[in-house]
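If you want the building blocks of each chain, they are given just below.
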Amino acid sequence: MSAILFRRTWAAQRVRLAFVMLALVAWGFLLPVIFATFGKEMGALARSGTFANVFDVMSRFTGGDVFSIRGTVALGLVHPIALALVTIQVVGFAAAAVAGERQRGTLEVLLARPLERRVLHRTLLAATLLFAALTEAAVLGGIVAGALLFGVAGDLRAVDIALCWLNGVALFGALGAISLAASVSFDRVGPALGIALAVTLVGYTVEFVGTLWPDAAWLRPYSLFRYFQPTKILAGAFEPGDLLVLGAILGAAVAWAAWLFPRRDLAAPS
Amino acid sequence: MPDRSARVPFRRVDAIATHALTKHYGSPRRWGHISAGVPPIRALDDLTLAVQAGEVFGFLGPNGAGKSTAIRLLLGFIHPTAGRAEVLGLDVATAGAGLRGRIGYLPGGIALYDGLTGTQLLDYLAAFYARPPVLRGGLVDQLGLSARDLGRPIRDYSRGMRQKIGIVQALQHDPELAILDEPSEGLDPLMQRAFYAILDERKAAGRTVFFSSHVLSEVERVCDRVGIVRAGRLVALERVAELVARRRRHVEIRLGAPAPALTSAIAALVGVSTFEARDGRLSFGLDGDVTRLLRLLEGAALTDLTIEPARLEDAFLELYDEPAP
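Which chain is which? The protein sequence lines are A and B, in order.
If you read the first sequence in my numbering, its first letter stands for residue 1, the second for the next number, and so on.
If you read the second sequence in my numbering, its first letter stands for residue 1001, the second for the next number, and so on.
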């Protein structure tokens, strides 16, 4: 890994990262506040049977009880707002990391230094994983802070929060590694970003549809989001296999990029 | 295509040595097949040249001739279809980052990190090298970059300023070999002169400079030798002085009185071409040595004699007028 490139990457990304983390902290903080304010009333409404079907469907998507602090936290972690914010930072950065430099013409200035392409890739992968770790920590940090402040942290265990963080880092680490592999495969940001977003959005849609529609449930294993299960973790049913699957996908994406990038011809920028 | 590279050993003194270096895009060797109806693009064919250590070498050719392809092969940005290249005695295919630590590179139309200031950019790019940027102060002074200039964001720089920063980043760590693609592009005449002085200093320090250019007067001014590439092939490789010396000069003679014998003798002289005689005015091209012509003219009644010196531009254009190799 190149410490010089890593410091430069950090300096270039820190402002955007700070805004994304701030938004994620605010989002995470909001979840216990909502639960503390409306949770009991919503639970009572659900149990009354008035909107039973709607609440049943909602609870099926997040895989558990949304009228508890654990259910609320799980819903917050898989909510499109949280996922979009993390995607902007992690997937967006990784997809543009190499292809963007190629498109701007700065990659050849960089690669004219004593810097191996594999080292460049490893450094950008490390930055991607760091961004995944920090953004996941931000949303969980907001949740914990809100839960403590509003006195609803009783059902949350530190080890489960840590496992949720690890699961989130593994998910976005895998998505980031795929995005980085796409980035080293193309000379322009468009195709790399297109592939990265397609993998993310299609995966999310497949998981969403698969959980709500039993006939489409067979598709779920093909989505990376199937292996992100904060509800199970918070219920004490952590499955290490999820981390193994995400880790294997991350490894495959890294292996592809490490094989391809040094072999690619970097013709003159157009 | 047969790879003949193994048969020719490189000389240790060569800063750059290529043998049968070839790059075809979409070639069967690289991809295993050619798409139906799409022939490979021959970007560079069979380039064999040697640039000696301490030499200033000019690499000339029109747009699309293969200059940038050759440079990118030397830096390992692209991979050869056939042949091989050694830079500073190391095989480009296997040398990796260690080799690039000894090279300074200025890309053509350089792109820079616009969000950084000049100083931040130079610090960032210099930090990758084991060698400290010992030449930066001198280069910045010679190219007229003030501390205020270097403190401004690069996005505010003019094209000439960007080129100056590009030159500084390529040379600041005192590389053994500088590879410069169109280095004087965007520089005003004063800065061009300063740049030539920098090249002279590099040469005096025993460093090697390999640069491509379209500005033939600058190549003539600073280069020891030139290689001229056309349609991917090397069409000339020689010392600038020799190339110029054996090129055609343009000669005009005005005779004081009719001299049919002298006229016939000149027309029959070896090296004379496009001969015209009209109203006592002789006009022709002359290749090679002028001594024989001057001997013929000794004692003749002339009112005027003009011998236009051969320029690299003429040599260059002549080579380009020849049929494609």
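It is possible that some hints are incorrect.
What the hints assert, rightly or not - Just so you have them, the derived chain A footprint on chain B, three or more residues with Cβ under 8 Å:
#, region
1, 1074-1082
2, 1085-1098
3, 1105-1115
Claimed, not checked - Chain B residues, not near chain A, derived (Cβ > 12 Å throughout):
#, residue
4, Arg1102
5, Gln1120
6, Leu1121
7, Arg1131
8, Asp1149
9, His1173
10, Val1272
11, Arg1292
12, Glu1298
Just so you know, the hints here were simulated from the structure itself, not pulled from any lab data.
Only a predicted model underlies this, so the values are computations on that prediction, with no experimental measurement involved.
Just so you know, even glycine gets a beta-carbon here, dropped at the ideal spot from N, CA and C.
Status of each hint after checking the structure:
Only residues whose beta carbon comes within less than 8 Å of a beta carbon in chain A count, and the region 1074-1082 of chain B has 4; three or more means the coverage holds. Counting residues of the region 1085-1098 of chain B whose C-beta lies closer than 8 Å to any C-beta of chain A gives 3; at least three are required, and the coverage claim holds. With 9 residues having a beta carbon nearer than 8 Å to a beta carbon of chain A, the region 1105-1115 of chain B meets the requirement of three or more and the stated coverage holds. The Cβ of Arg1102/B sits about 8 Å from the closest Cβ of chain A, inside the 12 Å cut-off, so the non-interface label is violated.
Against chain A, the non-interface label of Gln1120/B is violated: not every CB pair exceeds 12 Å, the least being about 9 Å. For Leu1121/B, the requirement that its beta carbon stay farther than 12 Å from each beta carbon of chain A is not met, with the minimum near 9 Å. Not every CB of chain A lies more than 12 Å from the CB of Arg1131/B, the least distance being 10 Å, so the non-interface label is violated. Its beta-carbon lying about 19 Å from the closest one in chain A, Asp1149/B satisfies the requirement of being farther than 12 Å from that chain.
A Cβ of chain A approaches the Cβ of His1173/B within 12 Å, the least distance being about 10 Å, so the stated non-interface status is violated. For Val1272/B, the condition that its CB be more than 12 Å from all CB atoms of chain A holds, with the nearest at approximately 44 Å. No Cβ of chain A comes within 12 Å of the Cβ of Arg1292/B; the nearest lies about 48 Å off, and the non-interface call holds. At roughly 55 Å, the least C-beta separation between Glu1298/B and chain A is larger than 12 Å, which holds for a residue marked as non-interface.
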